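For reference, the chains in residue letters:
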Amino acid sequence: MKKIITENVNSGVTLHKFMEHKFNTLTMKLFFIRHLDEKATLASLLSKVLKRGTINNHSSKDLKKAFEDNYGSTFRVNVKKIGENHLFEVSLYMPDKKIIGDIAGNDAFRKSVNLLSEIIFSPYMEDGLLSNKYVEQEKRSLAQEIESIFNDKEQFALQRCIELTCENESYKIPSKGRLKDIEIIDNHCLTNFYKDLLRTSQIEMFIAGDFSNSDIEIINEKILSKFAPRNEHKCVDQEIKDISKIRIIEEFSNVKQGKFVMSLRSKVNPCSTLMPAFILYNGILGGGTYSKLFNIIREKNSLAYYVHSLADRNKQIMFIEAGINKDNFNKTKDLIDVILEDMKNGLISDQEMSQAKESTINSLWTLDDSSGGNINYYLMGLLCGCPIIPSDMENNIKEVTKEDIIKVANMIQTDLIFFLSSESEGENDDSRNQ
Amino acid sequence: MMIQEINNGINEILYSTILENGLEVVVHPKKGFHSKYALFATKYGSIDSDFIGLDGKRHKVPEGIAHFLEHKVFDMPDMDVFEEFSKIGASANAYTNYFLTAYLFSCTKNFEKALDLLLDYVQTPYFYDESTEKEKGIIEQEIKMYDDNPEWRVQINLLKSLYHNHPIKDDIAGTVESIYDITTEELLTCYTTFYHPSNMVLYLVGDIDVDETIAFVESNQKKKEFIDGREIEKFYPDEPSTIVKEKHVEKMSVSMPIITIGFKHKLPEDTKELLINEISLRIALDNIIGKSSNLYQEIYEMNLILDDFSYGSSINKDYSFTVLGGSSPNPEKLIDYLIPKLKDVVNSGIIKKDIERTRRKYIGQFIMGSDSLGAAANRYISYKVRGMEFAQYFDILNSVDEETINIVLREMMDFDKIAISIVDKRVAL
Chain A
1 MKKIITENVN SGVTLHKFME HKFNTLTMKL FFIRHLDEKA TLASLLSKVL
51 KRGTINNHSS KDLKKAFEDN YGSTFRVNVK KIGENHLFEV SLYMPDKKII
101 GDIAGNDAFR KSVNLLSEII FSPYMEDGLL SNKYVEQEKR SLAQEIESIF
151 NDKEQFALQR CIELTCENES YKIPSKGRLK DIEIIDNHCL TNFYKDLLRT
201 SQIEMFIAGD FSNSDIEIIN EKILSKFAPR NEHKCVDQEI KDISKIRIIE
251 EFSNVKQGKF VMSLRSKVNP CSTLMPAFIL YNGILGGGTY SKLFNIIREK
301 NSLAYYVHSL ADRNKQIMFI EAGINKDNFN KTKDLIDVIL EDMKNGLISD
351 QEMSQAKEST INSLWTLDDS SGGNINYYLM GLLCGCPIIP SDMENNIKEV
401 TKEDIIKVAN MIQTDLIFFL SSESEGENDD SRNQ
Chain B
1 MMIQEINNGI NEILYSTILE NGLEVVVHPK KGFHSKYALF ATKYGSIDSD
51 FIGLDGKRHK VPEGIAHFLE HKVFDMPDMD VFEEFSKIGA SANAYTNYFL
101 TAYLFSCTKN FEKALDLLLD YVQTPYFYDE STEKEKGIIE QEIKMYDDNP
151 EWRVQINLLK SLYHNHPIKD DIAGTVESIY DITTEELLTC YTTFYHPSNM
201 VLYLVGDIDV DETIAFVESN QKKKEFIDGR EIEKFYPDEP STIVKEKHVE
251 KMSVSMPIIT IGFKHKLPED TKELLINEIS LRIALDNIIG KSSNLYQEIY
301 EMNLILDDFS YGSSINKDYS FTVLGGSSPN PEKLIDYLIP KLKDVVNSGI
351 IKKDIERTRR KYIGQFIMGS DSLGAAANRY ISYKVRGMEF AQYFDILNSV
401 DEETINIVLR EMMDFDKIAI SIVDKRVAL
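One line per chain: the protein sequences are A and B, in this order.
Going by my numbering, the first residue of the first sequence is number 1, and it counts up by one from there.
Going by my numbering, the first residue of the second sequence is number 1, and it counts up by one from there.
Chain A extracted, bound-state conformation (with noise of 0.2 Å):
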């Protein structure tokens, strides 16, 4: 992608326009954006309740239908964390009319955008409020959806390594919300949170494909001209937690293979001229098979199938991942100590800089392959201040040097391992362990 074209409708109300010919998708994804506090329940609750139906299409089913329809464009609500804010998200996307046609397609564009605007601006209502039966049966399916993630030990063992590590910040609200907030909500409270997300929140859409300068009029007609001005959402600098001591806590289940999580605070700002050695730094690490972790944890030692590292670089944050039998769990933690430790004093090779440079790059120009992932790259760099769009990038990483990554190396601290392990001894048979 060439460029962005970003046009300011109103004060907090922002539309970019990434133009790619090639695509047979057209895309459009509408961003409130709120930073994740206690009321990220109610947002969840409301991107369940807005699927529900609107004023023209009273169900699902019916709403459903409209879509698929319309060349089976698809829609989408949903809620995400990045960093600490909260993203509510309403999505659509449809075949591109250099497939089926300009007439259908401006016909179907027409309809797409009409659909998207009713989801959003004319939710289904009775006597003015949400409807009290969809609130109530999205109620006690998020309750299950959240419980759920019980189901996905991996998950399940990254989202209580976040609940321990950041007790204190928000951080450590799932984006879906949280069960003791469900209960007290209705859809008198939750009719008021959505008449406030529609006008305070600060509003950044996107568009990615193919489309013209009237497709443009109508989405600003139909969706955009009707937010109110309203305050930007400010970039709030995270507070740097220092670590006296690395915490390790276990908890039991009945699981057949232990997870491991370790998180990892890093002091590198998201903004700062550092974050490509930071994400390089992540790639060395346990960024894919060429990474430190992938050869020695599972390649050379066999302790594991998966292990890797992750980061979210908005919260400054890292996770380290592996399953294991329970009883290499010092093994385990041992070696990847000794791997973070290497890294602070530089033991990083000419190769593995190099791997981590064009894995990375590669990975940016796929992304410009896909204009979801073009989209939500430049929305995390948006969120704090910076954004860019992946092409941008690759100078900067190419730059990068491996005094700038010992540099980064050095900035990150080990803060918590988390440990789910089963619950009786000597039930994993480790004879055949290698």
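Treat the hints with care, as some may be off.
[To be verified] Heads up, simulated SDA-like pairs for lysine to any residue below, C-alpha to C-alpha not over 25 Å straight-line:
id, chain 1, residue 1, chain 2, residue 2
1, A, Lys402, A, Asp312
2, A, Lys333, B, Tyr146
3, B, Lys31, A, Ile389
4, A, Lys226, A, Asn192
[What the hints assert, rightly or not] Counterexamples of contact, computed for chain B against chain A with all Cβ distances above 10 Å:
id, residue
5, Asn21
6, Glu112
7, Asn165
8, Ser219
9, Lys361
Derived by calculation from the structure, the hints in this document are not laboratory data.
Just so we're clear, the structure is a prediction, and the values are computed from it rather than from any experiment.
All C-beta atoms, glycine included, are put in the ideal place defined by N, C-alpha and C.
Given chain A's structure and the hints, the job is docking chain B onto it.
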């Protein structure tokens, strides 16, 4: 050399040819994309453990060997394959399913180097005992990771309830016991048999030149010698048309029960029916139990399902089934309510208006799905290996009629061949 042109239905041409050594190469140009994607697949999956090898002898090998072999094909005498891909900025991977093993990479530059590497490492057998033994620890952890996954457990248990003998009932990775039985010699036998070029397909997609790319692959292949290939005879045990048992419940700590309901299909008489069956069933099921159906909305509002409830069919000439399922707060009540209702809608059939809407939906999805190079490659290969011609997909999607759809639906959804699998922390049900 003959190059066949295949129109995929949305004005994209795929170019297919068969090289002298029998390797089929498909080139799919996509203008403007930075990524290039290569998929190199053998028609050899987890169900193929009884066969006559190229040595002319019959072999019965341990469960999980195709997947084990996939791990070991990456071994090379003088290099670390992943490292080599990383050096040139390509991202490599592989997977094994029931009917194929595939090796792939994606890259945005150094395409030819990466392609050479892919062809060379897959076509260089390098197996030795120490390496075979070392892999067992890693695969054991992979199997255990899946053992902790309730969605996987519920699916495996369902297949064991539907199938008496067919190896589709076995885990793709095998069992911890079976993988420890695998020997280097067996790996080599399977490799020699199934990794012959005539048993493989190479799919290349991205902004690439057709003639240059084919010539490049051809020159790589000419440097290698292969023994003569021949049709590989595979044996599958006789499978009764009945199911094994109606219900399987596994105790596992989950926040909410997970249920799957499986229908064992009648097998097609001719592979030509496969694609028609698949598309017909997809349209029909979407109307019956898809998210815009009456029945889905009812059971959702009754709190019998969560919105992870989904359905899918696996259509093959030797095994064929449909699965519905997801999390359920009350699986017993769901079964009691859903099955008679399903029976009613299957009997009354799907009407034309609904078929047309669903057809439009899948056409749109097909168009949008074409933006993913990986999806394009994997879809083509998956059909090819199962004996279906992907070129016909769009035509059939556009033309399959109401009568066919309803006949297929009634034939496939046989209510005497239903099995149910549940994972729950409560045992007695």
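Each hint tested on the structure:
no.: 1; hint: A:Lys402 - A:Asp312; in the structure: holds, 22 Å
no.: 2; hint: A:Lys333 - B:Tyr146; in the structure: holds, 23 Å
no.: 3; hint: B:Lys31 - A:Ile389; in the structure: holds, 21 Å
no.: 4; hint: A:Lys226 - A:Asn192; in the structure: holds, 18 Å
no.: 5; hint: Asn21; in the structure: holds, 30 Å
no.: 6; hint: Glu112; in the structure: holds, 15 Å
no.: 7; hint: Asn165; in the structure: holds, 27 Å
no.: 8; hint: Ser219; in the structure: holds, 25 Å
no.: 9; hint: Lys361; in the structure: violated, 4 Å
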